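Visitor: Chains as they are written, first to last, in the working numbering: chain A, 371 to 470; chain B, 253 to 904.
For the record, the hints were derived by calculation from the structure and aren't laboratory data.
One or more of the hints may lead you astray.
Computed footprint of chain B on chain A, listed as stretches where at least three residues anywhere in the stretch have a Cβ under 8 Å from a Cβ of chain B [unchecked claim]:
| # | stretch |
| --- | --- |
| 1 | 381–394 |
| 2 | 454–466 |
Simulated DEER-style distance windows between Cβ atoms [said to hold, decoys possible]:
| # | chain 1 | residue 1 | chain 2 | residue 2 | range |
| --- | --- | --- | --- | --- | --- |
| 3 | B | Phe885 | A | Phe434 | 19 to 27 Å |
| 4 | A | Met447 | B | Leu883 | 44 to 52 Å |
| 5 | B | Gly876 | A | Phe420 | 15 to 23 Å |
| 6 | A | Phe420 | B | Val890 | 22 to 30 Å |
| 7 | A | Ser424 | B | Trp897 | 26 to 34 Å |
| 8 | A | Phe417 | B | Trp897 | 42 to 50 Å |
On a predicted model such as this, the values are computed, not experimentally measured, just so you know.
Where a beta carbon is used, it is the ideal one built from N, C-alpha and C, also for glycine.
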Amino acid sequence: MLRQIVLLSLFLFSTGLYGILTRRSSVGLFIAIEMMINAAIINFVAFNRFLAPSHIDGQVMGIFAMALAAAEVLVGMAILVMLFRQRKNTDIQSMNSLKH
Amino acid sequence: MGEWITNSAWLITALPLFSFIIVGLFLRPLNEKLAAGVATASIGLAWLSSLLLASHYFSAEVSAEAQKTLIPWTVEWLKFQEGVTVNFGVLLDPISVMMLVVVTTVSFLVHFYSLSYMHGESGYGRYFTYLNLFTFSMLGLVVAPNIFQTYFFWELVGVSSFLLIGFYYQKPSAVAASKKAFIVTRFADLGFFIGILILGYFGFKISGEIQTGSQPLDYAFLTHPEVLKAFLNLHLANGNSLLALALLLVFMGAAGKSAMFPLHIWLPDAMEGPTPVSALIHAATMVVAGVYLVARLFPVFSTVPDVLTVIAGIGLFTSAFAAIIACTQDDIKRVLAFSTLSQLGYMMFSLGLATMAEPLGYTASMFHLFTHAFFKALLFLGAGSIIHAVHSNDVWEMGGLKKKMPITHITFAMAVLAIAGIWPFSGFFSKDEILATALHGEHYVHFIGGLLVAGLTAFYMARIYFLSFWGKARTEKSSHAHESSWVMLAPLGFLALLSLTTGFIPFAEFVKIGAPLQQEGIDLHVAIPGTLMALLGLSLSAWMYTGTLNVPKKISVALGQFYVAIKNKFYVDEVYSFITHQIIFRFVAAPVAWFDRNVVDGGVNLTGAAMRGWSSALTLIQTGQLQTYLLWFVFGTVTASLLLWGIFLGMV
């Protein structure tokens with residue numbers, strides 16, 4: 371059972387990584403990041419359930435990570451909205467003005 | 253009276269230092285006149301203290317046992333290792349007390365004279381600050397109890413001389429002269445320094461075997477008989493005495509400072525400085541430091557007679573060489589500079605002829621140093637008074653000043669008689685002792701040479717005297733000359749008094765070394781020919797340089813090329829500039845400069861350029877694209893994980 375769950379998590383993580391490296395839309399990047407975080411949370415919970423059932427550390431960490439991800443999305447989306455107001459797009463490849 | 257006088261001897265040296273700091277840092281920016289006053293007053297105090305010290309030191313009641321060497325004050329300065337310590341201290345012995353008196357007297361009179369002479373010059377306060385610095389350095393040099401302190405103050409004296417020669421720093425010739433003086437003496441000091449290192453290194457080795465209670469660089473150690481014996485057993489690889497080499501190197505430093513041939517070239521040019529400075533530094537005090545150093549180390553020098561022979565030879569040659577040149581120079585200060593060279597040569601050869609068994613030359617040399625300081629300072633200050641009035645250094649632009657400047661005239665005449673060696677002026681007594689040394693030691697070459705130089709001295713000194721004071725005014729300026737202010741005349745009068753009286757001091761009772769002196773008083777075998785030579789020189793000069801002045805021209809034409817060579821100072825300067833420009837600059841300095849510019853600087857530039865190239869190449873991977881960075885990051889993480897995995901597997 372653990373094996374299938376870890377494979378699911380690996381699939382989610384890899385999909386997220388692929389998304390980060392290829393999507394041009396910033397919103398798409400966020401979704402990809404969320405997928406990777408969720409893959410990690412699944413790992414926490416699964417390993418907690420199958421390797422140390424008497425403890426709840428992994429579950430606590432999972433809830434903690436979910437709260438963190440929610441906060442992160444909040445800040446990130448706020449930045450994105452501001453950027454969109456200025457540039458009228460959310461293309462990540464045009465966001466290189468710090469280089470110049 | 254008593255102990256506290258000798259115990260406070262350090263004050264004499266410290267007073268000028270304190271006033272140098274206070275005047276230079278605080279008073280000079282506020283008020284230049286006040287600065288000059290304070291500087292002069294502090295030297296005056298030092299003068300009074302040294303007179304007090306000398307009267308106590310030489311007074312009859314303490315002379316019996318106190319006239320030995322005292323070190324009343326000392327403080328540890330550098331500690332290299334156990335057994336090698338260098339102290340700062342004050343050493344009192346007959347010659348250092350005598351020098352304290354000479355230096356403070358001349359320095360005070362020169363300070364006082366300068367109050368009026370330098371009036372209205374820009375840099376008035378700066379001038380007095382430098383004079384204070386010089387006085388401090390010279391006093392520190394005089395009282396040094398070890399050769400390291402001597403060297404330290406030796407260089408300080410060189411620096412203050414450099415600063416004062418270049419006092420008129422807007423005048424290119426003064427700047428060149430100050431550089432020349434500094435470089436030439438510095439070059440000589442290189443030898444001195446190597447000499448000190450040799451003495452110090454082997455002295456430290458010897459100090460392990462012989463207990464003397466003093467440090468390896470102390471004069472007390474170097475002049476210790478056991479130590480000297482140990483030194484004499486050391487030899488170089490080719491069998492020559494090590495001590496002789498070290499002493500020759502030390503003498504090289506002394507010759508540089510005392511302007512002995514061939515290191516004399518800086519002294520005539522040093523006359524670019526203000527005239528009172530020439531009187532103080534380049535006539536009365538600093539230039540005798542070389543003679544003083546040889547005298548200070550005389551017990552060491554006397555163990556190596558060959559070195560003393562060299563010193564005597566160089567001294568006599570310089571004496572004659574400079575006297576011949578002095579006869580042809582037209583700049584009054586340059587004539588005085590060459591006469592200083594000549595008199596320093598006298599002192600040197602007198603020291604060179606002395607031995608511990610027959611130490612008359614030592615006393616005579618110190619006596620001549622003592623009397624020479626006063627009459628030569630008087631000559632320079634008198635010349636300064638003339639230059640102040642006429643605004644020219646050229647004796648041919650003077651003339652007829654006898655009536656217009658009566659006091660300067662009388663004092664200058666007294667100084668001329670003193671340096672010529674006419675009884676009862678001081679030069680007669682000291683020169684007599686020097687010639688007596690040569691005669692009694694059966695050094696007939698030195699005796700005849702000394703006599704001839706005495707005649708030449710009388711001749712050229714009388715020449716500038718007659719040309720400047722007698723006859724008619726030869727230029728507009730000299731016909732309108734006026735006597736200087738009393739501030740300038742008072743030191744002249746005082747020095748004239750000293751020139752008249754110092755000869756009668758029973759010097760041989762105070763300053764002596766080695767065996768007791770055989771002969772006291774005036775020796776007629778020496779005094780009569782000496783005086784005759786002086787009178788001959790004076791009268792020849794009087795015949796040539798009063799009246800129509802046709803004779804000198806005829807003589808100079810008759811001498812032809814020889815006269816031209818003398819006039820050009822035997823082309824020594826030209827030889828130096830040929831060696832430096834054509835040989836050293838071309839074959840040493842130029843290749844070194846090329847190496848520096850192309851290889852050293854090129855290497856640095858190449859490193860910089862390579863770094864810049866690399867970094868501009870590396871900027872290409874900074875695209876500013878988040879996803880590129882991320883790709884690199886992922887790639888790196890995967891590689892690192894694979895590597896770690898591989899290592900982990902390999903280990904298991």
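Visitor: Next, verify each hint and record whether it holds.
Guide: Verification of the supplied hints:
1. Chain B is given as covering the stretch 381–394 of chain A, and this holds because 4 residues of the stretch bring a CB closer than 8 Å to a CB of that chain, at least three being needed.
2. Proximity of the stretch 454–466 of chain A to chain B, defined as three or more residues with a beta carbon under 8 Å from a beta carbon of that chain, is established by the 4 residues found.
3. The given range of 19 to 27 Å is respected by phenylalanine 885(B) and phenylalanine 434(A), whose C-beta atoms sit roughly 25 Å from each other.
4. Taken as a hint, the range 44 to 52 Å is violated for the pair methionine 447(A) and leucine 883(B), whose Cβ atoms sit roughly 25 Å apart.
5. Remark: the range hint 15 to 23 Å for glycine 876(B) to phenylalanine 420(A) is contradicted by a beta-carbon distance near 44 Å.
6. Between phenylalanine 420(A) and valine 890(B) the beta carbon distance is about 27 Å. The supplied range of 22 to 30 Å therefore holds.
7. Taking the beta carbon of each, serine 424(A) and tryptophan 897(B) are about 31 Å apart, inside 26 to 34 Å as hinted.
8. The hinted window of 42 to 50 Å between phenylalanine 417(A) and tryptophan 897(B) is violated, with their beta carbons roughly 20 Å apart.
Of the numbered hints listed earlier, those contradicted by the structure are 4, 5 and 8.
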